[in-house]
Amino acid sequence: MFNMPKLPLADWIDSLVDWLSHFEGFFYAVTSFLGGIIDAFQWVFDIIPIPLFILIVMGATWYITRKNRRWGLLVFELIGLLYIWNQGYWRDMTQTLTLVLSASLLAVVVGIPLGIWAATNKTVAKIVKPLMDFMQTMPAFVYLIPAVAFFGIGMVPGVVASVIFSMPPTVRMTQLGIEQVPTELIEAADSFGSTGWQKLYKVQLPLAKPTIMAGINQSMMLALSMVVIASMIGAMGLGTQVYFAVGRNEAGSGFAAGLAIVILAIILDRVTQALNQDKH
Amino acid sequence: MSTKIEVKNLTKIFGKHVRQAQTLLEAGKSKDEILAETEATVGVDRANFTVEDGEIFVIMGLSGSGKSTTIRMLNRLIKPTSGSVLIDGQDIAKMSKAELQKIRREKFSMVFQSFALLPNRTIQENTEFGLEIQGVEKEERAKKAREMLEVVGLKGYEDQYPDQLSGGMQQRVGLARGLANDPEILLMDEAFSALDPLRRKDMQDELLDLQANLQKTIVFISHDLNEALRIGDRIMIMKDGEVVQIGTPEEILSHPADDYVERFIEDVDRSRVYTVGNVMIPATTVNIEKAGPRLAARRMRENGISSIYAIDSQKHLYGIIDANDVRKAIKEDQKDIRSLVQDVVPTTHIDTPLSDLMDDISSTPVPYAVVDDDNHLLGIIVRGAVLGALSGNEVNVNV
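Going down the list, the protein sequences come from chains Y and G. Going by my numbering, 54 is the number at position 54 of the first sequence; the sequence numbering is gapless. Going by my numbering, 333 is the number at position 53 of the second sequence; the sequence numbering is gapless.
Extracted from the complex, chain Y is given alone in its bound form:
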């Protein structure tokens, strides 16, 4: 055992990363595409006056919870967002929101079709399962290194690392939701002569919706948990404030910024959960 040479895995990965950086054009295209999405979110958040923003959030919550009013959540949103404004973290909060929403959007756009595919094809399922395990359990810091190599520093590599880390729940829950549709309902759809798409849109997706929504909610929370890590490679936002506070050994401002992240997390979580409680 002692004489066995060390497997040069690290070298191999380095070579792979080096080799991949030859596809500069591709990564540049991806960077501009993601940058476009991020800028669009940020642009919208920046032009909305803060009081109006708070009203929009509360109005949306009011509408989403129309069948099951939740006054507590509305009060929490008001106080929480006023706190963030008051602490001077508003722009940081919108940057974090941009990061989370961009990452979640990508996780949904990639994750749902992948989950559907895995639910309908056993071979795909066998490949996807370990891949998702890997993506979710590999320490998130590790993604930062190639992300910087391919996408530079800033929001884009932050979003990429967040997507990789946060996508598994969406994929898994989509697969689970579709697999859980009762056999008889699938048979009913088939027996009336449905095409594959009709079956998917009229039966499988509507029935899997609550499960898929729970997956999206989880992905969003995971993306939010990435904000401090992403701040190390220049993704601006509340994470940056926490990171700076750690560097300067300022417990107070670290806590204040951390609290803002918690508030944002609770609002995002409760609102996406409320979306899911619409029973019929």
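Source of the hints: derived by calculation from the structure; they are not laboratory data. Using N, Cα and C, we set each Cβ at its ideal position, and we do this for glycine too. Each hint can be trusted.
Coverage of chain Y stretches by chain G, computed from C-beta distances (three or more under 8 Å per stretch; other residues unrestricted):
| # | region |
| --- | --- |
| 1 | 177 to 186 |
| 2 | 192 to 200 |
| 3 | 203 to 216 |
Use these hints to put chain G onto chain Y, whose structure you have.
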């Protein structure tokens, strides 16, 4: 009647090594041997049957008998391993995907044991489902669905959701959905098995009422022999993937094909299946237009009975004549017996199920007379014949 579905050598083998298993099956090996040798399970073993246009054909068997697999091969929810399923002469087992979708849309509907309604859709939207799949215009399918919901007695429930309805009502929705796209063939997979006994009986009655108007070809799966006997025009009994017997309810009850069927029918409530026609015997009669008291007396003596049915030359039933009255008439030297006729005979119709008569048969002194719509006497019901039929003795099958 023409043949709607013709099934030839239909076989389904599940598992691995299907081809090898099939060779063994054709070589006459048993299912257990095949399972041991190839790890393949024979679901349905070379079933042959036909379903006629407009009949209710019940496939009956216990769980694991292959009945659910068989019905699913009729519309190819399960693809047969071998054999053919001819629907109006076209083999569904050989159809392309597009042809299959077309024939499912045009000719088939299916009703499921656990209803298979979409929980996120209203009753109305669920009923429209089949038409929606066919691409029927919104207004037209809404109209059609409303009509069907009215037919099954669910008018007013259109905007409810399935979980707001009882099991019986949900299955009515399943039936309405099945009927809405006006199928030629209705496949019902244990459609009433999940309902409680009272609801089940209601639904059976309702299906029979509907069928009287619709005249669809219905293939109905059941594990309940009483249900099969009640609604089936013909019944196919399956065991371990094989067809054991095909026949009308009376044929199966009176001539079970083997011990298995016999054990099955032991506990059947025969009074539901047998009608008056199955147990009636010829009546001893006297023609009141021609006969006098002496002839009547002799006939009663010959047959060892104390009363005789009075008819005219056209066999219209008038009533009954009692032996004591005849004796009195002979003493008084009366020639005409018309005055002796007592109109006290209870009558019944030839198609009446015995179960409807049970209470009355035991309490009336005079045997029931079986008459047709014009009051012609066809026969009578004596208690002995009824008891014989209920205990499983021979009955008149071909009446």
